[in-house]
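Assemble the whole structure, with the sequences as input and the hints as a guide.
Residue numbers for the sequence shown, in UniProt numbering: 1 to 292.
For the record, the hints were derived by calculation from the structure and aren't laboratory data. The model shown is predicted, which means the values in this text are computed figures rather than measured ones. Check each hint, because a few of them may be wrong.
Pairs of lysine-lysine residues, derived as BS3-like cross-links and limited to a Cα-Cα distance of at most 25 Å, are as follows [claimed, not checked]: (1) K188 with K44; (2) K284 with K186; (3) K186 with K287; (4) K59 with K186; (5) K156 with K188; (6) K186 with K63; (7) K188 with K249; (8) K59 with K105; (9) K276 with K249; (10) K63 with K137; (11) K276 with K227; (12) K137 with K44; (13) K227 with K124; (14) K124 with K44; (15) K249 with K186; (16) K276 with K44; (17) K124 with K188; (18) K287 with K105.
Restraint ranges, calculated between C-beta atoms of paired labels, are given here [to be verified]: (19) T229 with G56: 32 to 42 Å; (20) Q119 with E200: 17 to 27 Å; (21) S245 with K156: 31 to 41 Å.
Glycine residues also receive a C-beta, built at the ideal position from the N, C-alpha and C atoms.
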Amino acid sequence: MNDESNKHDSRELQMNEKLTRRKFMVTASLATGFAMAVHPVSAKTITTDSNGLLAGAVKIPVKNGAIPAYRAQPASGSNFPIILVVQEIFGVHEHIQDVVRRLAKLGYLAIAPELFVRQGDVLKLSSVEEIRAVVAKVPDAQVFADLDATLAWAVKSSQGNVDRVGITGFCWGGRITWLYAAYNPKVKAGVAWYGRLVGESTPLTPRHPVDIAATLSVPVLGLYGGKDTGIPLESVDKVRTLLASGRSKSEIVVYPEAPHAFFADYRPSYRETEAKDGWDRLQKWFKSQGLM
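This is the structure we're talking about:
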């Protein structure tokens, strides 16, 4: 085991010890549709069937309980490359589940764990302000530990290949994609969709992508909108410069006319041309890193 793996295991133990100080039992289940806060849902919403797939809700064992997740993989075969899918602030609702099925159709074992479930059930909240109040309570350490547990489950229980692991995430999950790629040496590549890049260091969120960009060793593709009012292009340019000084060979693509959440086909922010281009780039990125 190399030094990097040893450091990861040590960090994981420390984080798990902190998390186990507070007992919990998760009883929430996955959404069967879209989060309440995103209604009405757009007529352009993409629906991917589960034909040829093993797809549905699963439970991921974590310290003192289990968290729900949505998993999809080809119905036959084994040793599948694994893609961790990290949710938006709206939880693992139908859009994220559909993304998981799209990845499974490409031959991946894709899985999206519910990462806010200890703090609250965002799927049943009707306002973005209420959801943000829940999400603000989620510590990065908890998220990393849950993603570690999800990856372990995918390998042990769902025929995943631990040597071919990727991660992708959207909005809140885009930020986590950058950070988890830096945290877990098992990750071989990431694709971050319009994830926040800078922010205040707090006990719950001590680091942000800007803090790890220069030392990142895992190739991450960042996909951003030039009209994103929540992610200034100055921050995108800053991280791009830091990445260029490092060794990860990461890239950032900016779609000049795209707003935030341009991939979210169920929302008014959806931009079909940019979304399709981004999805094509995701596939090529993962393949170029040996994940297919």
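Hints versus structure:
With a CA separation close to 33 Å, the supplied pair K188 and K44 exceeds the 25 Å bound. Distance restraint check for K284 and K186: the Cα-Cα separation of roughly 20 Å lies within the 25 Å cut-off, and the hinted pair is therefore satisfied. Between K186 and K287 the alpha-carbon distance is near 16 Å, which keeps this suggested pair within the 25 Å criterion. At roughly 22 Å between alpha-carbon atoms, K59 and K186 fall within 25 Å of each other, so this suggested pair holds.
Under the criterion of a C-alpha separation no larger than 25 Å, the hint pairing K156 with K188 is consistent with the structure, at around 19 Å. Distance restraint check for K186 and K63: the Cα-Cα separation of roughly 21 Å lies within the 25 Å cut-off, and the hinted pair is therefore satisfied. Our distance criterion of 25 Å between C-alpha atoms is met by K188 and K249, whose separation comes to about 12 Å. Of the pairs offered as hints, the one joining K59 and K105 holds, with about 22 Å between alpha carbons and a cut-off of 25 Å not exceeded.
Simply put, K276 and K249 have alpha-carbon atoms about 23 Å apart, close enough for the 25 Å limit, and the pair holds. Proximity of K63 to K137 is assessed by CA-CA distance (about 19 Å); at most 25 Å being required, the pair is judged to hold. Taken as a hint, the K276 and K227 pair is honoured in the structure, with Cα atoms around 18 Å apart against an allowance of 25 Å. In summary, the hint linking K137 to K44 is not supported, as the alpha carbons are separated by about 33 Å, beyond the 25 Å threshold.
Of the supplied pair hints, the one linking K227 and K124 is violated, its CA atoms being roughly 29 Å apart against a limit of 25 Å. The straight-line distance between the Cα atoms of K124 and K44 is roughly 23 Å, inside the 25 Å bound, and the hint therefore holds. Only pairs whose Cα atoms come within 25 Å are accepted, and K249 paired with K186 is accepted, the gap being roughly 17 Å. Using a Cα cut-off of 25 Å, the hinted pair K276 and K44 holds, with the two alpha carbons roughly 13 Å apart.
A hinted pair counts as satisfied when its Cα atoms are at most 25 Å apart, and K124 with K188 does not qualify at roughly 35 Å. Under the criterion of a C-alpha separation no larger than 25 Å, the hint pairing K287 with K105 is consistent with the structure, at around 15 Å. For the pair T229 and G56, the supplied restraint of 32 to 42 Å holds, since their beta-carbon distance comes to about 37 Å. Distance hint check for Q119 and E200: the Cβ-Cβ separation is about 19 Å, which falls inside the suggested range of 17 to 27 Å.
In this structure, S245 and K156 meet the distance hint of 31 to 41 Å, their C-beta atoms being roughly 38 Å apart.
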